[in-house]
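Take the given structure of chain Y and dock chain G with the ligands to it, following the hints.
In order, the protein sequences belong to chains Y and G.
Residue numbers for the first sequence follow the working numbering, beginning at 1 and rising by one.
Residue numbers for the second sequence follow the working numbering, beginning at 1 and rising by one.
Where hints are given, some of them may not hold.
Over 10 Å on every C-beta distance to chain Y, these chain G residues come out as not near it, computed from the model [claimed, not checked]: (1) 35; (2) 60; (3) 77; (4) 88; (5) 106; (6) 129; (7) 153; (8) 193; (9) 220; (10) 228; (11) 240; (12) 258.
In silico lysine-lysine, DSS-like type, Cα no more than 25 Å apart, as pairs [to be verified]: (13) 332(G) / 116(Y); (14) 333(G) / 111(Y); (15) 189(Y) / 113(Y); (16) 110(Y) / 333(G); (17) 332(G) / 12(Y); (18) 146(Y) / 202(G); (19) 190(Y) / 202(G); (20) 333(G) / 189(Y); (21) 333(G) / 12(Y); (22) 332(G) / 192(Y); (23) 116(Y) / 333(G); (24) 192(Y) / 333(G); (25) 111(Y) / 291(G); (26) 332(G) / 190(Y); (27) 92(Y) / 110(Y); (28) 332(G) / 189(Y); (29) 263(G) / 113(Y); (30) 332(G) / 110(Y); (31) 113(Y) / 333(G); (32) 333(G) / 199(Y); (33) 199(Y) / 332(G); (34) 102(Y) / 333(G); (35) 332(G) / 13(Y); (36) 150(Y) / 332(G); (37) 150(Y) / 202(G); (38) 332(G) / 102(Y).
By construction, these hints were calculated from the structure, which means they are not laboratory data.
By construction, the Cβ of each residue, glycine as well, lies at the ideal position given by its N, Cα and C atoms.
Here is how the chains run, residue by residue.
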Amino acid sequence: MKSLLSLLIKGKKLRHPWPTRLLHWSYAPAVLAGILSGFYITRPSRVHGFTNMDSARKTHFIAQYVLISSYLARVYYAYSAKNYREIIPDLKDIVRMPEFLKYQLFLTSKKPKFPKYNPGQKIVYTSFALLIPVQIVTGLGLYVTKRFQKPATLAGGLNPLRKLHYLASVSISALAAGHIYFALTDSLKKLKSIFTGYK
Amino acid sequence: MQGKTNHKLLEQLIPRLLKPRAGESRPPVIWLGTNTCAGDMLSLLNSLDPGYRSLLTDLIDFRYNYLLGTAEGDMATGILDETMAELPGEYILVVEGTIPTRSNGLYCVIGRRNGEPLTALQAVRELGASARYVVAAGTCAAFGGPYAAAPNPSDSKSVQAVLERRVINVPGCPVLPDWLMGTLAHLIRYGEPELDDLNRPKLFYGETIHNLCQRRHYFDNSIFAKKPGDPWCMYKIGCKGPVTFADCPYRQWNSEHLSWPVKANTPCIGCVSPEFPDGDMPFFEHLPDVKLPGIRTTADRIGTITGVITALGISGHMIGSIVTNRLPHTLKKGFSGNGMLQKLLKKLR
Ligand code: HEM
Ligand code: HEM
Ligand code: SF4
Chain Y
1 MKSLLSLLIK
11 GKKLRHPWPT
21 RLLHWSYAPA
31 VLAGILSGFY
41 ITRPSRVHGF
51 TNMDSARKTH
61 FIAQYVLISS
71 YLARVYYAYS
81 AKNYREIIPD
91 LKDIVRMPEF
101 LKYQLFLTSK
111 KPKFPKYNPG
121 QKIVYTSFAL
131 LIPVQIVTGL
141 GLYVTKRFQK
151 PATLAGGLNP
161 LRKLHYLASV
171 SISALAAGHI
181 YFALTDSLKK
191 LKSIFTGYK
Chain G
1 MQGKTNHKLL
11 EQLIPRLLKP
21 RAGESRPPVI
31 WLGTNTCAGD
41 MLSLLNSLDP
51 GYRSLLTDLI
61 DFRYNYLLGT
71 AEGDMATGIL
81 DETMAELPGE
91 YILVVEGTIP
101 TRSNGLYCVI
111 GRRNGEPLTA
121 LQAVRELGAS
131 ARYVVAAGTC
141 AAFGGPYAAA
151 PNPSDSKSVQ
161 AVLERRVINV
171 PGCPVLPDWL
181 MGTLAHLIRY
191 GEPELDDLNR
201 PKLFYGETIH
211 NLCQRRHYFD
221 NSIFAKKPGD
231 PWCMYKIGCK
241 GPVTFADCPY
251 RQWNSEHLSW
261 PVKANTPCIG
271 CVSPEFPDGD
281 MPFFEHLPDV
291 KLPGIRTTAD
301 RIGTITGVIT
311 ALGISGHMIG
321 SIVTNRLPHT
331 LKKGFSGNGM
341 LQKLLKKLR
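Just chain G, with the same shape it has in the complex:
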């Protein structure tokens, strides 16, 4: 019942929040796609409330969008130059994807300018310098993510790594539509949201998945799923919920806020964390792999091997001590006439 009223309230509030107030215009937005799978833009298109149409009509003025723009060639690239020249300090730059830095960034060319290739590195640096805000959409842009994963032949980096100024990170693989929509709305209507130490809006990344999880009582009582598909806590099959900050458990996915990984009986893979994916793989293991020069092994195996070596060492030494009569001698000496125990016993007697 309460949920229903809340929902109604939101229904009434959202349009008011989004509608530009008198005298307010929609700020220009440039959305660059660098080395990306386009997942974040596609995810944003799934936003329901507000939807993509409302984003366009009420919130922002899309100047450039690598995926949905109709302009091509010089016309498209020209808009970037135009916006930079005419609206410095006004436009919001959203970047989706990593920025390759090897060979002067030639591993990602977003267009041509004066017949020369315009690299993502160049575009992000130039546009970033005079933008009002820079938003990194998705984990690749925010932290490197899959597109900067080992062996990273193009030496790809996050947006923050190639810009001097502050970048607002909105990670996710892909980003949850609300996270991006909410960040944009906040930037436009209320200014910069409160950020955590990794420059993620606390509004969405302020608590661990684990602390918000509906299955937390299964965790506390050690009722664990043995395989994906089991309806219990996913901890033992590698759930990264305890070390991942996001509000998936209550915001949920699929536009209508229907479900999220654990609810679908599969572990959280920690996609909003800076170490994703190299630093938290394998996804179905509790701990990330240990990488030693030339070897890659599970943390568990290191534990087992150390345990076996210790047990062998101790039992070997013990056998040696018994065979050489060292241990029996020590014990005899300890309990012999001049031993403390003996004296104590004598006194007691």
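Next comes chain Y alone, as it looks inside the complex:
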């Protein structure tokens, strides 16, 4: 099967195996839907693409199930396929950070090469991996308010929990905007690879 595939797409390197792609296109729309409906919930206005609270909340709640399941699946996959090493920044990334920043700040035209992801990508993906659980935990506290009364007091109550959920969404939105910008402009081959798997 594998050889058949590589025969079909000759000379192409597999960059994203199917689970990564499948899961990316599960959590990415869920996060985007969560951002849009979430910002409508915090400040209802047609700017966010919804006309009423009912539809925004339904969207948010459907997105949350997709996000929770795809996140858990991605963590399991990262663990079983050991590809979390590609995502979590290591010592080498810190050492090569200045080189990377120099290029991104247009101080040199030499584009540094990295094994898979550059340090910027790694930081963004790791931040997603840390912020989404914050979103899930605070979101569940707001969703199942009665069941999680006790844990909500750890955050100081439901009002501070709401604030935490909001502040985490602001961070996720900023990171997602940056990620999408770089995904669309850094390399079209890499962009293609998140759809087809091959660069």
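Quick look at chain G with the ligands alone, frame taken from chain Y:
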């Protein structure tokens, strides 16, 4: 029509529920006022059905009440000692207000004993130890509330924070008369009511205001009040109904169950929540303020600033990429002869 019958039924039931049954006596109650505005006692006096008189004659035996007691000085304080010595495990202790803990509690002295000041801290600890039940009346006693708000110079705490045993919390700023009257009646006639995770009786604090609100359909359809006084959903002007557990929407206030904040066209301020008021201010904003070292700002502003920085960063980088010819190069390379798209197009042709 149905409401009318229900009302009649209640009229018949309440006296039966309250009247002591044969062989039952009215349990002694001690009501301490610590650091408080007296709002909860005043609120209770507004109870209509049953009223204060019925409370005294049918339900409880008021041994001590900081506001309405006629005894003064040693005579008043003596009753506390007497009750503790003679009726341990029988009396109900109700505390209204926070307990200051700084300087051994000297910031609230409720009387003198043997010439020494008797602090609220001491009184609550001693009386609490041998009471049958301890009830915290109002948000200050239950969770700290306004009297423990920042900067809290007297280091005031809730009743639960100074007692080892379970305290039944009946918060509200002030407490709704029914909540307290109902809790007392339940304790006396049926024992401890079912409590939630914050030790509030589920009978009164079991559902969010938002889920009981008469204006919920305005919320679902996004018909919002723009200012206090508008007759729509108060969400956009800071209504804390979605994160507040209480039955105000159907029980309502003013003794005759006439009205409640949203019905009076003003948002719920979440007064029964443990974080009230520091953790849910400003009352007319949707989200509480963000406190960073040295700065206090609205959550909205943090969102706006982050949005602006992100937009500036991305557009700056994009301009850089265009000026240095990086972006045009990337795009050209992507769509050039060895690009996938090109190949696909060729194949299609
Ligand atoms: C990346 C993902 C997410 C983003 C960006 C996001 C964003 C937001 C925002 C901005 C709000 C408005 C908060 C407010 O002002 O009160 C909100 C509300 C909420 N979110 Fe999320 N959220 C996300 C994921 C989740 C998840 C995973 C859950 C559940 C497990 C969840 C549950 C909720 C609930 C219950 C509310 C309150 C809705 C209401 O008031 O009716 N969210 N979200
Ligand atoms: C329409 C929007 C999006 C596009 C076009 C997009 C595009 C891409 C591309 C091209 C890659 C591969 C980068 C490479 O191979 O170097 C990638 C990876 C990734 N993206 Fe997105 N993305 C989008 C939205 C999102 C969102 C909203 C999230 C938020 C959680 C996200 C999270 C990730 C993660 C975690 C990876 C690493 C994948 C892995 O190794 O498993 N993406 N994305
Ligand atoms: S007025 Fe308040 S409690 Fe009522 S529906 Fe609106 S947000 Fe909810």
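Non-conforming hints, listed in increasing numerical order:
Going through the list in order, the structure violates hints 9, 11, 19, 25, 29, 36 and respects the others.
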